[in-house]
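Engineer: One-letter residues, chain by chain:
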Amino acid sequence: MDKKPTYKQFGEKAILVEWQAIIDDEILNDILHFVEKIKASKEINCIDLIQGYNSLTIIYKEFIENFNEEVALLKSVYSSTLKIAKQDYFLWEIPVCYDLEFGIDLQEISKKSSLEIDEIIKIHSETIYKVFFVGFLPGFLYLGGLNEKLFFDRKPNPRLHVAKGSVAIGGKQTGVYPQNSAGGWNIIGKTPIDFFDVNTPNPCFAKAGDFIKFNPISLDQFYQLEKEIEDEKYQLIKTLQHA
Amino acid sequence: MLKVLKPGFFTTIQDKGRVGFANLGVPVSGVMDTYSADLANSILNNFLQAAVLEITLGSCKFQFLKNTIICISGGDFSPTINEKPIVLNSRIQVFENDILSFGKVNFGVRCYVAVKGGFLSELKLQSSSFYQNITQKSIVEKGDILSFKEPKESFSSTKSLIKIDQNHFNTIRLDCFKGPEFEMLNEYQQEKITTDIFTISNDFNRMGVKLNEIFANNLPQILTSAVLPGTIQLTPSGKIIILMRDCQVTGGYPRILQLTTSSINRLAQKSTNQKIKFIVI
Numbered sequence: 001m002d003k004k005p006t007y008k009q010f011g012e013k014a015i016l017v018e019w020q021a022i023i024d025d026e027i028l029n030d031i032l033h034f035v036e037k038i039k040a041s042k043e044i045n046c047i048d049l050i051q052g053y054n055s056l057t058i059i060y061k062e063f064i065e066n067f068n069e070e071v072a073l074l075k076s077v078y079s080s081t082l083k084i085a086k087q088d089y090f091l092w093e094i095p096v097c098y099d100l101e102f103g104i105d106l107q108e109i110s111k112k113s114s115l116e117i118d119e120i121i122k123i124h125s126e127t128i129y130k131v132f133f134v135g136f137l138p139g140f141l142y143l144g145g146l147n148e149k150l151f152f153d154r155k156p157n158p159r160l161h162v163a164k165g166s167v168a169i170g171g172k173q174t175g176v177y178p179q180n181s182a183g184g185w186n187i188i189g190k191t192p193i194d195f196f197d198v199n200t201p202n203p204c205f206a207k208a209g210d211f212i213k214f215n216p217i218s219l220d221q222f223y224q225l226e227k228e229i230e231d232e233k234y235q236l237i238k239t240l241q242h243a
Numbered sequence: 001m002l003k004v005l006k007p008g009f010f011t012t013i014q015d016k017g018r019v020g021f022a023n024l025g026v027p028v029s030g031v032m033d034t035y036s037a038d039l040a041n042s043i044l045n046n047f048l049q050a051a052v053l054e055i056t057l058g059s060c061k062f063q064f065l066k067n068t069i070i071c072i073s074g075g076d077f078s079p080t081i082n083e084k085p086i087v088l089n090s091r092i093q094v095f096e097n098d099i100l101s102f103g104k105v106n107f108g109v110r111c112y113v114a115v116k117g118g119f120l121s122e123l124k125l126q127s128s129s130f131y132q133n134i135t136q137k138s139i140v141e142k143g144d145i146l147s148f149k150e151p152k153e154s155f156s157s158t159k160s161l162i163k164i165d166q167n168h169f170n171t172i173r174l175d176c177f178k179g180p181e182f183e184m185l186n187e188y189q190q191e192k193i194t195t196d197i198f199t200i201s202n203d204f205n206r207m208g209v210k211l212n213e214i215f216a217n218n219l220p221q222i223l224t225s226a227v228l229p230g231t232i233q234l235t236p237s238g239k240i241i242i243l244m245r246d247c248q249v250t251g252g253y254p255r256i257l258q259l260t261t262s263s264i265n266r267l268a269q270k271s272t273n274q275k276i277k278f279i280v281i
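Listed in order, the protein sequences are those of chains A and B. Heads up: the first sequence at position 216 corresponds to 216 in the numbering used here, and the numbers run straight through without jumps. Heads up: the second sequence at position 14 corresponds to 14 in the numbering used here, and the numbers run straight through without jumps.
In isolation and in its complexed conformation, chain A is listed as follows:
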């Protein structure tokens, strides 16, 4: 990470803070610290914070009267030594069935690359991914860490219907569709885990800074888990990560 972030006005009520345009753990940590400091600061009248890979957008309650003043305030908060509550970050283990029944693009991407389907699954499920932020759809995690052997271009024609729980690869990214939607990523499997449930106090279990690992399961296990989840008997496996 080479330097401090820059500040831009973004419409009437928002300021966009940008770091160097790379996907980088250090930048993520810097953004997470800034988020906690802004939340702890009483001077910044913000109502929402939107994270990106290398950006943080601060949404204000009122129109920004004096942009330079607000930026000066943000800079002082950024460089302050404000005590912030220590956040706990977890590694979440997500069961994924990579059976061809769900991994409908596995054969195609295997053909395009020189990788056997088993290798694709092995590489995909061995990696520990970092959650950079949540966006696109409620509960859609932007993950960093995909092995470059698994970089596969998005499909030229997006599908109109991608099933909820589909695990997919789009370009340099991998992710899980949290609901049925249209989508152009290559689908390699499916998880029975719900990534967004508005009826729970914490609708999305994972947050920026957490980690995700995909654990391969068989078709039988998938259906069994699906039932356990429906009966509310299943509990996600999570491990506290030490900084």
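Hint data in this document are derived by calculation from the structure and do not stem from the laboratory. Only true hints are included.
Partner residues aside, some chain A positions facing chain B, computed with beta carbon under 8 Å: (1) A21; (2) I47; (3) F140; (4) K207.
Note that CB positions come from ideal geometry on N, CA and C, so glycine has one too.
We have chain A; now place chain B onto it with these hints.
Structural biologist: For chain B alone, kept in the frame of chain A given last:
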């Protein structure tokens, strides 16, 4: 309570939306034209957060199952109560079994029906704005019963005539700020985007409005970053997309301009083939 006899093209319950849930990837949503919805709620002395019915291009019919007071603001879709025309932007007393219907579109794209005290719709993440996978319903359908409380106070008619700025519906001018990636455009493109007149395509909804013109460019995509209602994105193929209230919280296309709130409201009242022009303020 209000019974839906004919739901129209796209009718939803909306309030001021969900603020503070971007970290879950939850869109803001809320009324498309806050100017008109605020007006309807103000006329009834409601809180501005009160949930209203957002109706797109008329063609719907409702039956009141309780007495109440209503106000309709925004687009003019020839509203009637029991087939008698009613005036926009004024308090209207309605009685059990009255039929409210909307017909011919005179101007505008969206109108708001506010009831005294607001509609009582399920609150999800502090808002009752309909949104797929957040609220149970994402659209108002035939047979739905929309509830509200029967007001205790007696009816008093609107004291003064409320005059609406017709510019809100007629002007082609949309005020905007330079977007975060405006400077990525070359001088010619910067000049062109703020002087050309553009046309709204037939692809316009609560998520966004696409324009017909192709704006040639070779801007690279950006690392996924925040987008807001009113963000104007430019795709590599030259499509211009203006994001609206139900837009995603992040996107990867360059954000060349950002509409002001009042211009989002104006755009919410425009449809296919209407012209617009961007003015950087």
